[in-house]
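Chemist: Residue strings, one per chain:
There are 2 protein chains.
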Amino acid sequence: MERKEISKAVITRLPRYYRYLDELLEEGVERISSGELSKRMKVTASQIRQDLNNFGGFGQQGYGYNVEYLYEEIGKILGLDRRHSLIIIGSGNLGQAIANYGNFERRGFVVNGMFDVDRELIGSTVRGIRIRGMEELEDFIRDNDVQIAALTIPKTQAPAVADRLVAAGVKAIWNFAHIDLTVPDDVVVENVHLSESLMRLSYLFCSKRDGKHKRTGGMEES
Amino acid sequence: MERKEISKAVITRLPRYYRYLDELLEEGVERISSGELSKRMKVTASQIRQDLNNFGGFGQQGYGYNVEYLYEEIGKILGLDRRHSLIIIGSGNLGQAIANYGNFERRGFVVNGMFDVDRELIGSTVRGIRIRGMEELEDFIRDNDVQIAALTIPKTQAPAVADRLVAAGVKAIWNFAHIDLTVPDDVVVENVHLSESLMRLSYLFCSKRDGKHKRTGGMEES
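Just so you know, the sequences run in chain order A and B.
Just add 64 to the spot in the first sequence (first one is 1) and you have our numbering.
Just add 64 to the spot in the second sequence (first one is 1) and you have our numbering.
Bear in mind the hints are in silico, worked out from the structure with no lab data behind them.
Calculated lysine-lysine pairs in the PhoX-like style (CA-CA distance at most 20 Å, straight line):
(1) Lys-72(B) with Lys-72(A)
(2) Lys-235(B) with Lys-272(A)
(3) Lys-106(B) with Lys-219(A)
(4) Lys-272(A) with Lys-72(B)
Let's have the full structure, built from the sequences with the hints guiding it.
Modeler: Next comes the structure, spelled out in structure tokens:
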């Protein structure tokens, strides 16, 4: 299917559509209008029509969208109809949380290796996945056709490890380290910077509270 | 200080400025021009000037920005000059990862309580923080002036727990559950939906690979 270039903003919204469509499928809903979807997702119906139009318009006037078809098509666009081999570098709490999240596997992301520098972790398993030493990294990537690596290590080590991943052929890095990675053009990076997320929450919280009390400088006294 | 309404896009970028300014301070850099900052952050200098103009323009023509001043001002805007009391609901791997992340504390986010329903976890501690049963939730929130709650529990339980948090007076929810929460107007929510982030990575990865090989339907054979 020929597709036009999809804007970054639309891509950012697609996984959310996918999640809602998944819920609708679970509820046994076969068809949904942009109006009903709009109410559920709390975005305007025109936004929904505009977004879904990017894929050739799955909606039929008066009939609404076929939920299963739309779910599958968006899944294909997101690459969820394929199996992705994923490794996790950094097997602390965060790495283990990702390894334990069974839902990823349902979506085609199969964690088949974990790595760490901690000798006490190496050799143990998480949900059946063995934690390996970093010296095994390159061989493992080559032998297992690894495409995606989650980086759950401190920022000081992240750039050097990212370089090793790229040299070994990894094309997608899911970066949880609090640093921006520099990678070649054919490698993609998706950042999850938790501290930035917490700062945004803090901003929203403070500005809402200050707004209510009319900002006068400090506000602890209010 | 009077401030104009700041757009959501700018707010989203502020924590990243803050992180870079923090690094510059660590390196002992006192002043930086929008051009130099642009090179580091890989955004245009005009974007930087536009963004930072929102706060009354900290830059002086020819002198550049005073790093420490800018760092402190953005910190104030983000509410990082105050102490926030934070609790974590869900003390599994993800909850423990957040509790163990010492950097949050440095930014004023002090985790002083963790909760879970798992009797095997209750009573144990993470970095000195005791894990409590959910029956203690409301009293703890009231007694400790808790402002922010991180929700690291399955999506099925998230809405009911969010209702309890709101009823007990929590005004900010850091939501890791894969569901959109419905909260009153005076409560703010920041979502961290890891599976959506992974889907975005998958999309970027697949579209880059397909682009190179010219999409013809399937691509596993290429």
